[in-house]
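Residue numbers (our numbering), protein chains in the order written: chain A, 296 to 526; chain B, 296 to 526; chain C, 296 to 526; chain D, 296 to 526.
Note that these hints are calculated values from the structure, not bench results.
Being a predicted model, the structure only gives us computed values, none of them experimental.
Don't take every hint at face value.
As the list makes no split between identical chains, a pair holds if one copy fits it or if it spans any two.
No farther apart than 16 Å at their CA atoms in a straight line, the calculated lysine to aspartate or glutamate pairs in the EDC-like style are these [stated by the list, open to error]:
#, residue 1, residue 2
1, Lys320, Asp388
2, Lys463, Asp363
3, Lys414, Asp390
4, Lys414, Glu518
5, Lys419, Glu333
6, Lys463, Asp388
7, Lys414, Asp388
8, Lys463, Asp490
9, Lys345, Glu365
10, Lys463, Glu524
Protein chains: 4
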Amino acid sequence: MDYRRALIVGAGSGLSASLARLFAKSGMNVAVAARRAENLAALAQEIGGKAFTCDSTDRDQVDKLFADVEAAGGAPDVVVYNASYRTRGPFVDLDPVEVERALAVTAYGGFLVAQQAAKRMVPKGHGAIMLTGASAGVKGYPQSAPFAMGKFALRGLAQSMARELAPKGLHVAHFVIDGGISRGPDDPRGGRGPDGLLAPSAIAETYLHVHDQARSAWTWEVELRPWVESF
Amino acid sequence: MDYRRALIVGAGSGLSASLARLFAKSGMNVAVAARRAENLAALAQEIGGKAFTCDSTDRDQVDKLFADVEAAGGAPDVVVYNASYRTRGPFVDLDPVEVERALAVTAYGGFLVAQQAAKRMVPKGHGAIMLTGASAGVKGYPQSAPFAMGKFALRGLAQSMARELAPKGLHVAHFVIDGGISRGPDDPRGGRGPDGLLAPSAIAETYLHVHDQARSAWTWEVELRPWVESF
Amino acid sequence: MDYRRALIVGAGSGLSASLARLFAKSGMNVAVAARRAENLAALAQEIGGKAFTCDSTDRDQVDKLFADVEAAGGAPDVVVYNASYRTRGPFVDLDPVEVERALAVTAYGGFLVAQQAAKRMVPKGHGAIMLTGASAGVKGYPQSAPFAMGKFALRGLAQSMARELAPKGLHVAHFVIDGGISRGPDDPRGGRGPDGLLAPSAIAETYLHVHDQARSAWTWEVELRPWVESF
Amino acid sequence: MDYRRALIVGAGSGLSASLARLFAKSGMNVAVAARRAENLAALAQEIGGKAFTCDSTDRDQVDKLFADVEAAGGAPDVVVYNASYRTRGPFVDLDPVEVERALAVTAYGGFLVAQQAAKRMVPKGHGAIMLTGASAGVKGYPQSAPFAMGKFALRGLAQSMARELAPKGLHVAHFVIDGGISRGPDDPRGGRGPDGLLAPSAIAETYLHVHDQARSAWTWEVELRPWVESF
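Work out the full structure, taking the sequences as your base and the hints as a guide.
Written out as structure tokens, the structure reads:
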């Protein structure tokens, strides 16, 4: 198999940048997309890729993103959905508008992106769709109902897709990121000691490994957490 | 504890009617709500309760529903959310509008209703909020991503609420209905033999039991399936 | 259905006594068994039932127990397995003899008892087998590998049995007791406030409810925890 | 980190041989152990490693195995437990002796091996212990209670160990092998089409990846299945 083009949606965070770099280093042509492409210009230049503007909760923008990516170099063989939105607080004080937004960004946008990806992959019989989840997708924490709703929904989407699309040759994978992602050596949350937060470059290695798995032994879900994280 | 008022939202199906009847029989004053209250008139009359019109995906209508129920007899002590919406089909052919609707009716409406319920129960330090889930909420089936997204999200909501609100005296419970609900003795899906579909009156007995549990031994989730259902 | 005879194995603890009392009160003829029957004499007298001596890890004793119960009044229609054994400590310091014992009492004894029960129930096409699990059966805690091994194994047994035997009319249920069981109003662990420990009589109510479920809506697993227990 | 010595227990099957070859190719010194070391002679020679005889259910033999491995070249940095035993059939017909054996080989032997490994790794603050599970460890299938008991217990062991030992620097991982492992191109179960069974060499790649993960992003459990396997 010779996957060459990756698209990372929801880019901007440390994980997206690390994925973009590692995928590029492994020989892929990498496009990145976010609500504000200007934030991605430096990254795109670094990896020799293209940056696109897209609000992943807007159907038309997602359609256009995939059309543009395709026009620019071909449909992607690997698509990662990385966007999410959360709000926290006592359940009775949550703003319903924020709950809608958490569902829209975290789950519905994932559907829109995954569907456009699958439409291009299913006819070819191969491709990989990777969805970035969180511990909130397997455990509903107090004071965090909106994020739980969004990440649970994303996991349900991933599982349904994996069951339907794996036999069509598409590798759908869901990553349970269980812990804080490090923003660098000076991350103030670093008080947990060395490697106490997830290094985005370390997470990216596992995405690449799952991408490289032979189809006789595919993983649909993998949890990642720092060694010192209680769970 | 002396719970007296129940509100069942998403009424109309066999399960809602059975719940309404059993709750009424056990001594509760029962209100029912659905998008078209006229469908509930006969049921309301039968149980000596009131029927309300409410689109549970509309924040203003949900606010008004609770205000009206409160005005009519007092805030409910038990609230059941029973509404859901699904669409099926090959993943690449799903209509995004239907996906949004599945999330809105199945999960977001559950949030709106549960939040209005909790706002009234938390100050009193007691009450029960019951959410009707499905096997789709713990297992994402092929060709059914929208329902998986909605029911997973509802389960995440329920788990987050249970963790936060139980110590405040609110019993939050999630029911995993795993199998078809019988529409009566002539249900054409009855080919699985006697009791091969879930009798709504049997399901209702378990909701009532969970409601009646002492707070020293509360259940937050319970699965129900017909004896012949493979799982 | 007219179940009349219950057998509770591993009796002695507060839960077994509460189950025996509630089952007797609901009209069942109740037998209790434990390694030392003399400890059960008062309970047996109170409920008008019989007490038997049985080490549930010994195949011959389990065979004899069922033969004796059958001879004394008929094969049981409801069998509860309640015995368990645990040891705790740093993983590297665990005594392998204690690990073997935890597996034997918690899981293997459950198999022996359940099999003798099933042998008598399958030909009749009805009966209930209830296995008492723990949070340790769904979550492996640190410094508690032996109990995790035993209770996970018991849960695997229950799930395999439920899938196989439900279509034969046997209701197999597994109870996840998540929290400490109260030993009475003076339990020193009562510092968590009122109802902060599981009242055995409250747990028993849910066992009886599950027993009474109609076969069109059976539960195979139910979790129980005090309202204040974090999970 | 510079792990150099691996020990694979329960060797003989396709997976163990593939692991031994891949670990050796990646630069490790690999020892293999099984009940009959003579079956491992060719493999040991091929990978330039040593073969040991050990019944993993016998405490003294496991103690001796680790002492011998240590004497031969140093304590292992990576230990894989691969042994299991199963028996199938109607629940009421299962032979209790076989159930004991399934628990002993599949779970208790895993404990004995893991404990000897941990005793040597904890003082050093690093090492990896990998336990080979199965879908039977997360789902109890009908007519397969003994294997469910053994593999559930093994998973409980792995989870308890991971929670306790990860903060001490030990990477404990559990692999859920969901599907048949191919015995080669002529495997008669190959009727599922190309790559329809798990290639042991493909499984081994994921073990090696998990071994190579940086400790800021460790996986404790990963599922592997062929692309065409329904789940």
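To see whether the hints hold, each was checked on the structure:
{"no.": "1", "hint": "Lys320 with Asp388", "result": "neither (46 Å within a copy, 35 Å between copies)"}
{"no.": "2", "hint": "Lys463 with Asp363", "result": "neither (25 Å within a copy, 49 Å between copies)"}
{"no.": "3", "hint": "Lys414 with Asp390", "result": "between (35 Å within a copy, 13 Å between copies)"}
{"no.": "4", "hint": "Lys414 with Glu518", "result": "neither (28 Å within a copy, 26 Å between copies)"}
{"no.": "5", "hint": "Lys419 with Glu333", "result": "neither (33 Å within a copy, 48 Å between copies)"}
{"no.": "6", "hint": "Lys463 with Asp388", "result": "between (45 Å within a copy, 15 Å between copies)"}
{"no.": "7", "hint": "Lys414 with Asp388", "result": "between (40 Å within a copy, 9 Å between copies)"}
{"no.": "8", "hint": "Lys463 with Asp490", "result": "between (39 Å within a copy, 13 Å between copies)"}
{"no.": "9", "hint": "Lys345 with Glu365", "result": "within (12 Å within a copy, 54 Å between copies)"}
{"no.": "10", "hint": "Lys463 with Glu524", "result": "between (37 Å within a copy, 11 Å between copies)"}
Consistency note: the structure conflicts with the earlier hints numbered 1, 2, 4, 5.
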